[in-house]
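Engineer: Listed below are the residues making up each chain.
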Amino acid sequence: MMHFDPVANLQLLVSGLAIGSIYALVALGFVLIYNAVGVVNFAQGEFVMFPSYIAATFLLPGVAVFGTVVHWQLPLIAVYLLVIVLMIGFGLLFNRIAYYPLRDRGWLPVVISTIGVSIFLRNLVQLTWGSQPLVLPPLFPVDTIAVGALHIRPQDLAIIGVTALLIAFQYVLFERTTLGKQMRATAQDRTTARLIGIRVGRIVAITFVYSALLGTISGLLVAPLFTVTKEMGALIALKAFAASIVGGFGSIPGAIIGGLAIGVIETFGGFYVSSAYVDAIAFVILIGVLLVRPSGLFGERVAEKA
Amino acid sequence: MRLDRKNFLVTTGVAAAGAAIGFPAIVGAAPEPIRLGSIPCLTGSNALLGSQEHDGILLAVEQINARSDKVYDGRPFEIVEEDATNDNQSAVSALNKLLGENIVAVVCPVLSTQVQAMAPVMKSHEIPWMTGGTAVKNTQLGVNGMFRLRASDGITAAAMTNFAVKEKHAKKVAILHASDAFGTGGADQIVQNLKKLNMEPVANEQYPKDAKDFTAEILKIKQSGADALLMYIQNPSDTAIILQQLRSLGFAPPIVGSPSLGNQTAMETAKKNANGAYAAVDFIVGFNSNVATHFLTSFYQRFHHNPDVGSGSGWVFDSVNMLAAVYRKQKSTDPKQTIASLKSLKGFEGVLGRFDADAEGNMVHSVSIGQIEDEKLHLVKKVSA
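As you go down the protein sequences, you meet chains A and B in turn. Oh and the first sequence: position 126 is 126 in this note's numbering, straight run, nothing missing. Oh and the second sequence: position 136 is 136 in this note's numbering, straight run, nothing missing.
Hints were generated in silico from the structure; no laboratory data involved. Mixed in with the good hints there might be a few duds.
[Claimed, not checked] Estimated spans, in silico, between C-beta atoms of each pair:
{"no.": "1", "chain 1": "A", "residue 1": "G180", "chain 2": "B", "residue 2": "N275", "range": "45 to 51 Å"}
{"no.": "2", "chain 1": "B", "residue 1": "N275", "chain 2": "A", "residue 2": "T128", "range": "29 to 35 Å"}
{"no.": "3", "chain 1": "A", "residue 1": "L76", "chain 2": "B", "residue 2": "K346", "range": "36 to 42 Å"}
{"no.": "4", "chain 1": "A", "residue 1": "N123", "chain 2": "B", "residue 2": "R35", "range": "22 to 28 Å"}
{"no.": "5", "chain 1": "A", "residue 1": "G148", "chain 2": "B", "residue 2": "Y300", "range": "20 to 26 Å"}
{"no.": "6", "chain 1": "B", "residue 1": "G250", "chain 2": "A", "residue 2": "P109", "range": "32 to 38 Å"}
{"no.": "7", "chain 1": "B", "residue 1": "K166", "chain 2": "A", "residue 2": "V65", "range": "43 to 49 Å"}
{"no.": "8", "chain 1": "A", "residue 1": "R103", "chain 2": "B", "residue 2": "N275", "range": "53 to 59 Å"}
{"no.": "9", "chain 1": "B", "residue 1": "E375", "chain 2": "A", "residue 2": "V147", "range": "47 to 53 Å"}
{"no.": "10", "chain 1": "B", "residue 1": "K171", "chain 2": "A", "residue 2": "H71", "range": "24 to 30 Å"}
{"no.": "11", "chain 1": "B", "residue 1": "N144", "chain 2": "A", "residue 2": "P109", "range": "25 to 31 Å"}
{"no.": "12", "chain 1": "A", "residue 1": "V65", "chain 2": "B", "residue 2": "A340", "range": "43 to 49 Å"}
{"no.": "13", "chain 1": "B", "residue 1": "D358", "chain 2": "A", "residue 2": "G62", "range": "55 to 61 Å"}
{"no.": "14", "chain 1": "A", "residue 1": "V7", "chain 2": "B", "residue 2": "L379", "range": "37 to 43 Å"}
Beta carbons: idealized from backbone N, C-alpha and C, even for Gly.
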């Protein structure tokens, strides 16, 4: 029989919070876009994967791009800044191509459009970089900090810390800035927002950019731990989507709490129940929460357009 | 005759038809290509394996077609490829499509779960089927034309278990495996081999498809007090991530892995985290024949990266060359005759070594145990069934 081990539980908690933080960031991307335009962006996982490939290309030696081996090896900070700039452009392009032409045709064409972009990006990555997994270097020179029997990965702490900073930044953005208030107004009622002079199209574009940047930061944080593959965003997005529903689709605190909860519960579930059923555990929780609270933990209404 | 529009079209049409019928007879018809079916996983999470197989088949076909007599009598190979993707249903659909393409043999897949899903279809199509799936039961599914060009899990798992217990003196063996047919089949074989040694695993953990965080599994293995870990995993990316997490969570006992641990991609991805780990593999660079050396050189020249020989490019390269050798000898691609020839094949020298067919269609009967150091595998010992 398994005995209670406080060190193991602390280890599980750190890992659970780290992976849960990634779910939370990606879930925030889902929620922000849903609030802004009323649809689920099924390319959110590719917002995690695509920038990781770009970063690996500029950072690593000997990356094959369209069969040509490149050795750019730019400094880490320069690569991060470059990826962020490129992903700002990507977010604008995504808005312009996948959302804007279909914005008046109801939610279904937009959802299908995001699915199309997701498939396109995965195939583009396969064609460009092939199937070889790439490994981004960790942010810190040491892999592990050992405190007695406890082994903490600095990368896990970085993930948790950066997520906390981003949540704080987002709070300030939405509560204290004009831009944030305009984003909230657009999310609540686009028609009224337009009537009071908010440039809704621009706010929606900014939302797509912000969502792409959340995915980018998630990707750059997990890539050193997960390796960069074209599938890396898919499972994260699936869990993040579940997290946003558990939290109450459309609720920003719900996305954060939901992400952290799923990360922690599946890690503890894998240890105390069975690692073979970690996915099942997460989705049983999802169903359980929806049975008790159909609108999710913090939601006010049932998601209609998933 | 007045050449109006109608007459012009009729005359031109008749002339064109005559030319089309008569032209090959005048210049001599091109020899009919030999259509070879290929069904690797080109998309999905196992696309890495599939792309390696695609490259291995392509290289073999290009080299054979560059010969003056090609396969035989000037007949070249023509690859007919379908994507087995990442799930069994799609793989079976792709196979059905492939079988309608007038092919003489099928090469791939390497995933046992797909081999087992395709087996009922292949039972009713008696053509040679060159597979790389290593689950023991694959060759016991009653498919007459199935051949396996890699060591079965029975051989690999026995070699891993015996190495951990007899050579590394492990008393508490833990198992970590993928939840697919490959992983569970391999883990079952390890458990059976441990029973023969009057032992049971102290932990037997499996992880779900696409998992990325293995903290729970590793902590359970650590808590079990294991003094050796046997890993049965197909996906090189999973293998690399697990090795990284094992090291970062302070797991120190010997690690012995299935072939994917020793493949080039896993070693290059895991980097220093793979140092010291052992792998039971079909192939170790530097301990093989001239055939293997030529393959490694020509592969790198053609694709600008090193091949994953055992589980990726090598076995399919050998499959195509083996078929070509049989066709050349019998001057025919008749499937039944080819199956009979392959069943009696002995001593074929390929990249992976010597192939000898047994009654079940197994062609490989030994593995090597290697130890990883700086992204290279060093031979520790060879183990025969």
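Engineer: Compare the structure with each hint and give your call.
Structural biologist: Each hint tested on the structure:
1. A/G180 with B/N275: 45 to 51 Å: holds, 49 Å
2. B/N275 with A/T128: 29 to 35 Å: Holds, since B/N275 and A/T128 (Cβ atoms, about 31 Å apart) stay within the stated range.
3. A/L76 with B/K346: 36 to 42 Å: violated, 56 Å
4. A/N123 with B/R35: 22 to 28 Å: Given range 22 to 28 Å: holds, Cβ gap about 27 Å.
5. A/G148 with B/Y300: 20 to 26 Å: violated, 47 Å
6. B/G250 with A/P109: 32 to 38 Å: violated, 52 Å
7. B/K166 with A/V65: 43 to 49 Å: With Cβ atoms ~47 Å apart, the hint holds.
8. A/R103 with B/N275: 53 to 59 Å: With a Cβ separation near 54 Å, A/R103 and B/N275 satisfy 53 to 59 Å, so the hint holds.
9. B/E375 with A/V147: 47 to 53 Å: Given range 47 to 53 Å: violated, Cβ gap about 31 Å.
10. B/K171 with A/H71: 24 to 30 Å: violated, 48 Å
11. B/N144 with A/P109: 25 to 31 Å: Because 51 Å falls outside the window, the suggested range is violated.
12. A/V65 with B/A340: 43 to 49 Å: Because 48 Å falls inside the window, the suggested range holds.
13. B/D358 with A/G62: 55 to 61 Å: violated, 42 Å
14. A/V7 with B/L379: 37 to 43 Å: With Cβ atoms ~39 Å apart, the hint holds.
Hints 3, 5, 6, 9, 10, 11, 13, counting from the list given before, are not met by this structure.
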